[in-house]
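Novice: Residue numbers (my numbering), protein chains in the order written: chain A, 195 to 504; chain B, 459 to 815.
Partial list, computed: chain A residues near chain B (C-beta under 8 angstroms): (1) PHE280; (2) GLY281; (3) GLY282; (4) GLY290; (5) LEU294; (6) ALA296; (7) ILE426; (8) ALA464; (9) MET480.
If you are wondering where the hints come from, they were derived from the structure by calculation, not from laboratory data.
All figures in this text were calculated on a predicted structure; none of them were measured in a lab.
Where a beta carbon is used, it is the ideal one built from N, C-alpha and C, also for glycine.
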Amino acid sequence: MSKVILLTLTVSLLRLTVPIMTMALGNMFCERAGIMNLGAEGMMIAGAFGAVVGTYFTGNPWLGVLTAVLCSMIVSGIHSLISVEFGGIQNISGLGLNMLSAGLTSFLCRSIFNTGITPSVASIQTAGFFKNIPVIGHFLSQFSPLAYISVVVIFVSWFIMSKTVLGMHIVAVGDDPKAAETAGINVWRLRHFCVTVLCGALAGLAGAYLSIGQLSFFMEDMTAGKGMLAVIAVKMGRWNTKYVVAMALLFGFFDALQAQLQINNVLHIAPELIQTIPYLAGIITMLLSSRSKDNPRALRVPYVKNKYKI
Amino acid sequence: MMAKLSRDKMLSVLPSLLIILIAVVLISIILLATGANPILFFMNLFKGSFGTKRGLINTISKAVPICLSAFAVALANKVGVFNIGVEGQLVFGALGSAIAGIYLQELPAIIHVPLALFGGILFGMLYAYLPTWMYIKQQANLMVVFIMMNNLAKLFSTFVIIALIQDPASMVTASQPIQKSAYLPMIMTSPGKLNISVFILIAVAILIYVFFYKTVYGYEMTACGVNGEAADYSGINTRKYIKWALILGGALAGLAGAIEVQGTYFKLYDGFSPGYGFDGIPIALLSNNNPLFMMVGSLLFAALRVGSNTTQIEQGISGEIVTVIQGILVTLIACEYFIRYIAKRSMTRKKGRRMTI
Numbered sequence: 195m196s197k198v199i200l201l202t203l204t205v206s207l208l209r210l211t212v213p214i215m216t217m218a219l220g221n222m223f224c225e226r227a228g229i230m231n232l233g234a235e236g237m238m239i240a241g242a243f244g245a246v247v248g249t250y251f252t253g254n255p256w257l258g259v260l261t262a263v264l265c266s267m268i269v270s271g272i273h274s275l276i277s278v279e280f281g282g283i284q285n286i287s288g289l290g291l292n293m294l295s296a297g298l299t300s301f302l303c304r305s306i307f308n309t310g311i312t313p314s315v316a317s318i319q320t321a322g323f324f325k326n327i328p329v330i331g332h333f334l335s336q337f338s339p340l341a342y343i344s345v346v347v348i349f350v351s352w353f354i355m356s357k358t359v360l361g362m363h364i365v366a367v368g369d370d371p372k373a374a375e376t377a378g379i380n381v382w383r384l385r386h387f388c389v390t391v392l393c394g395a396l397a398g399l400a401g402a403y404l405s406i407g408q409l410s411f412f413m414e415d416m417t418a419g420k421g422m423l424a425v426i427a428v429k430m431g432r433w434n435t436k437y438v439v440a441m442a443l444l445f446g447f448f449d450a451l452q453a454q455l456q457i458n459n460v461l462h463i464a465p466e467l468i469q470t471i472p473y474l475a476g477i478i479t480m481l482l483s484s485r486s487k488d489n490p491r492a493l494r495v496p497y498v499k500n501k502y503k504i
Numbered sequence: 459m460m461a462k463l464s465r466d467k468m469l470s471v472l473p474s475l476l477i478i479l480i481a482v483v484l485i486s487i488i489l490l491a492t493g494a495n496p497i498l499f500f501m502n503l504f505k506g507s508f509g510t511k512r513g514l515i516n517t518i519s520k521a522v523p524i525c526l527s528a529f530a531v532a533l534a535n536k537v538g539v540f541n542i543g544v545e546g547q548l549v550f551g552a553l554g555s556a557i558a559g560i561y562l563q564e565l566p567a568i569i570h571v572p573l574a575l576f577g578g579i580l581f582g583m584l585y586a587y588l589p590t591w592m593y594i595k596q597q598a599n600l601m602v603v604f605i606m607m608n609n610l611a612k613l614f615s616t617f618v619i620i621a622l623i624q625d626p627a628s629m630v631t632a633s634q635p636i637q638k639s640a641y642l643p644m645i646m647t648s649p650g651k652l653n654i655s656v657f658i659l660i661a662v663a664i665l666i667y668v669f670f671y672k673t674v675y676g677y678e679m680t681a682c683g684v685n686g687e688a689a690d691y692s693g694i695n696t697r698k699y700i701k702w703a704l705i706l707g708g709a710l711a712g713l714a715g716a717i718e719v720q721g722t723y724f725k726l727y728d729g730f731s732p733g734y735g736f737d738g739i740p741i742a743l744l745s746n747n748n749p750l751f752m753m754v755g756s757l758l759f760a761a762l763r764v765g766s767n768t769t770q771i772e773q774g775i776s777g778e779i780v781t782v783i784q785g786i787l788v789t790l791i792a793c794e795y796f797i798r799y800i801a802k803r804s805m806t807r808k809k810g811r812r813m814t815i
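This is chain B alone, in the form it adopts within the complex (with noise of 0.2 angstroms):
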């Protein structure tokens, strides 16, 4: 029994590892086309994410925004449907954050805080409502919807900052600094800063287990995912809660883009985000929707993220490199039923082997 629960698990683990190992491997080929050093690359990434203080504590802070999106991803997963509009949801949620962070004035902070926030998860949830009822009504193709609606928002949010909010003094695109009243609280300063996001973070993975595990509505989402079709016939209201998943996607998605306003960048910019909603599409798919693979996944993209700066410094590694390896384990995590196929011949042939001796 404890044999065959190990073996399981191994199987279940065993592909993404293999994903991984496949995009390594294919990423070193890259750069060696190109003339860089694979090994000095790896070694520059991981000196510049873990190997400071103040690049560890980066890493960090920028993993919240990309765990949360990879939950968000992770939630439409639960039930069955493939959720890649997280991307324009952030942006969307961080100008909703950016308004009511700049036009409500003279609150004290223990409700602007919040309240900035809030506006960041109403705008996520109301960007992603329109793809659902088009997903659920006329059963228009998601991912389609999603990705021309990704590109919508940043253009959307290009245009109310340079339009609306602009604020002259800067030299970039960008918005009017929002009221200090709406400053996420620090823990610390210095040598790097962190905000308090990481607890808002770890109160919503909290939350999403005790919703998944401890509760009918959970347990009911999970059986949507498993069989639709089943849950259906059981008289589980299927459409529903795809609906909710991705709409509480958004929410989270809006929350990581109000997080990023709030509490990194205290404004708008233009582009603000390289791209975390992007990223936390492999983290969930890899990570079987594991809530704590999932924040281990978070930090090592978020390595990845900082540590290109210092290979672009060290070793004239352009950042696309991230966009690069983001696109190659999506491609592979397609590939998966090929690659669990390698997995359990691999497996059992090794079985095999071992009875015959």
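Bound conformation, chain A alone (with noise of 0.2 angstroms):
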């Protein structure tokens, strides 16, 4: 009996890991290129109604994928236009972009399927391809492909970021960007291609998952703080790919748990104290957060091009 409790925690756990990580790694290389990005939560949710308008239109999931990838880089290409070309204030654009994606997603979803839901879509929940491996085969096909793009999406990161000059660049441009710009890096190229590029494409592999890897609908304001749960993530986990993705597993274990005993309630205990327990959990891992000295000296810092100087 706790061998079945355990696995299923275990499933669920893995499940909702994969889409604070994806945005927490995303969120890592803005960051790292000293661009602090709180629209995460907006980028993820263009992404998941990309995703399901996008597979509705077309009928292939996998082209959802693409749509919510475009989505993404949308906004994530605002927030770079503002905060890396116009020098403007970081924080701000990331929070009216987290309030004019959730406006605009539900706005636009009352507008083409008239409710506050869509209807299903076809969706991508499980990876047939792994039916035939014997033992584990069972055990692995139960999750989105888009979780193993994600796993890959681990290493990829760790490996841009520790093994590549392209890494030390972005660390580079974040710590620096007068020293990296006398050292010949063109810094707002690089900033643009962190923010819009590699955030914004991970933010819409996040919310395509969320949607149709997940689920196979859209639904208002579905990200329920999740991208919050990735910001604080990559601050938990300095900046390091390793830590990042263990701080995306503890909040994904706070997640499942909280699904766990909303499903089964075996404590009795109200639904909407369980729900609270992610946003709980995020607010006490902060509480416990001191200043490191990884901190990426000109995070949320403009550096204003010569021409734009007042």
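Two chains, two frames, a set of hints: combine them into the complex.
Specialist: If you want it as structure tokens, here you go:
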């Protein structure tokens, strides 16, 4: 009996970690390059909506994933335009994009489908191609193919950040853009790349996973604080791939605990109180945080092009 | 001298006007893309909010909580921090006022009304205390904590309503009605309801004005916001002022929540606030902390909220458009630097042309 519960919890934990982790890795690139991204929530929900709309109109969930990535890239592109090109206030831009995406997705959802919840579309919730592997095949096929893509993403981002010149350049740009520019790095191009392409694509994946990787529809405000958990995971993981993944697993655990408690409700606690678990976990981990020396030094400091100087 | 003054004034107002103009254009584009008529939309908004007596009174009474949240945001802005936790504090304040309104019984109205208002203020302040403490002691990212606290407040108040104070007779999730003695007195009841919260708002505005412009504390608080480091060196305790700005912001938000409970609904509905706390953000930031502009801005936002009902009925445009407008405004405010640059450049270019002529 306890074995079954443990297995369900593990599966649930891994499933719920994926969106937080993917988004956190995207945010890690963003923050490493010196751009704070509070718009994670908005980028994710844009992706989730894009995935469902894309699938609804084309019928192919993989094209839906592509639409999701494009939608998130539009949002992250706006963020990068404001914070990299125009030297705007990064926190406010992220907050505004959160509000804008949440509002726009539910507005469009209501104008296209007439309700706050979309009809069910084709989804990619299971990986059928693992079925034939003996022993672990059944276990592996329970996860969405998008989850496997995000596992690949972990290794790729670890490789980029610690083994390549590109990773060194990203760190340099985030720590001291002026020195980086003197050394011949195109600060703005690299930052645009990190925010728009890397962060946007990963946010799109995370969003697509939320809507068509876990479920098969889009719902208003379906991210429910996952983007913010990703932001916290990056800070607590000290901008290091390994620790960021570990923090995402921790938040995934609390999310899974919450979901399982709600389904089984063995303890007879009110569901609203159970739903607060991930938020409480986020706030408590922030309480335990301290200022670390790994902090990208130019984080949140706008680096304005000469031609825009007043 | 006169010309220079007006030019500086222009420069301080022009970015805000530009932002509003761009926002209107963007919303029109979105409406056109979804097949709605933007001109009709703005006309319906105006008709619904200012066109009828009832609508006008509705707009004024809706503007009160929005304006209080704008004050809360502006207070924090004054010391150079960004307060987005108003929504959560407002919900929590409403909870406090509802509890005081339900459980304190057999009190005369003259005592019960202020007591319940104070309950809201206290809950708002308490709810602002934790993020403030985390920001000052742990240097946690204030915005992240505030966003988490906003979500938490909503869930927690739903929990309290369902588990502790639910009205079993009600069709929707709502608390028991508060005692009659805690009702805010009405100025008029027809054609629309208007309670004395307008006077409370004006009193708060005067208090804030006196505090900032006539007392040493207000002066030192302003100094914190203008240049925190310099203020610190000159012996002003910046941390103390940041703490108090955030906690007083919580008090204002709590007051706004209490007014909604005691003056509008007379019970605590689950999800009664459609985002008054978030309305305050663009208003405070666009009006450069000017109380008069903030009142005008709150009226406009209240008009948006009231009028969006009309557009929903007449044109089928969902009320979510208000959130979209909020988002567009806040996002544009983030480009403030760039917009100031454009404004400055356009002004200097005009001046240059005049000189060549």
